[in-house]
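Residue numbers (the numbering used here), protein chains in the order written: chain A, 1 to 121; chain B, 1 to 121.
These are calculated hints, taken from the structure and not from any lab test.
Quantities reported herein were computed from a predicted structural model and do not represent experimental measurements.
Where hints are given, some of them may not hold.
Computed beta-carbon distance windows for the label pairs [unchecked claim]:
{"#": "1", "chain 1": "A", "residue 1": "Gly-25", "chain 2": "B", "residue 2": "Arg-74", "range": "40 to 46 Å"}
{"#": "2", "chain 1": "B", "residue 1": "Glu-70", "chain 2": "A", "residue 2": "Arg-68", "range": "19 to 25 Å"}
{"#": "3", "chain 1": "A", "residue 1": "Ala-78", "chain 2": "B", "residue 2": "Glu-81", "range": "41 to 47 Å"}
{"#": "4", "chain 1": "A", "residue 1": "Ala-109", "chain 2": "B", "residue 2": "Glu-70", "range": "16 to 22 Å"}
Quick reminder that beta carbons are idealized off the backbone N, C-alpha and C, glycines included.
Protein chains: 2
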Amino acid sequence: MSDFPAHLPEPPYYAVIFPSQRPDGAPDDGYEAMAARMSALAAEQDGYLGQESVRDARGHGITVSYWRDEAAIRAWKANAEHVEARRRGRSEWYLDWAIRVCRVERAYATEPRPDADRGAI
Amino acid sequence: MSDFPAHLPEPPYYAVIFPSQRPDGAPDDGYEAMAARMSALAAEQDGYLGQESVRDARGHGITVSYWRDEAAIRAWKANAEHVEARRRGRSEWYLDWAIRVCRVERAYATEPRPDADRGAI
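Next comes chain A alone, as it looks inside the complex (with noise of 0.2 Å):
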């Protein structure tokens, strides 16, 4: 089953882009285990709608999470396991990174189509 890319409701809702580089062959420092805990813990929160994340042999990587509103984006900014996380990936997993919140204006998608394997829509 796959949900990528996610399935989201008709903006407006608000996105938030992070892309990061991770060191070029980087040993697994624990980031993979931190990163999987967030993706599921962010999916708990309450106003979270779904996110995308992609990562390259580069090391570069792209996680887009999108949620009902700002005060969703706040509460899951102020979550104190993600704050540690967070703390952690500035000193130890990341070179570089970037957050970018952004309200999302409008969208478009494929149209399902019978032979893709869509879950239960």
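Got chain A; can you put chain B on it based on the hints?
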């Protein structure tokens, strides 16, 4: 010289989030050449600010392009070569995709570090 994450002006500006799913293990059917051409062509457009693009081994990709305003996004959408690339993308290259147009309200980034390759800044 790395420009990942992209170096961008202060918000507000606009972002186009484009997640796409390529077939797993797809042959190179002209897709790579088209993607490189579209990236270069976008960078020539008035109002273009930057882009970030990542694709992983599963065929999941996220490209985010950044623009001065919505008029610049509309002009790029109407570019004839880009129209043709989107048509081929829908019919040949992508299993699934979405486009999300958003207004970036605020942004944060890593402080430049003396040991990082940030180019001539």
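(request) Hint says 16 to 22 Å; check whether the CB-CB distance for Ala-109/A and Glu-70/B agrees. (result) holds, 19 Å
(request) State, for the Cβ atoms of Ala-78/A and Glu-81/B, whether the hinted interval 41 to 47 Å holds or is violated. (result) Since the Cβ atoms of Ala-78/A and Glu-81/B sit about 45 Å apart, the hinted range of 41 to 47 Å holds.
(request) Determine whether the Cβ-Cβ distance between Glu-70/B and Arg-68/A falls within the hinted range of 19 to 25 Å. (result) With Cβ atoms ~23 Å apart, the hint holds.
(message) For the hint 40 to 46 Å, verify it against the beta carbon of Gly-25/A and that of Arg-74/B.
(response) 41 Å Cβ-Cβ, so the 40 to 46 Å window holds.
When held up to the earlier numbered hints, the structure conflicts with none and fits them all.
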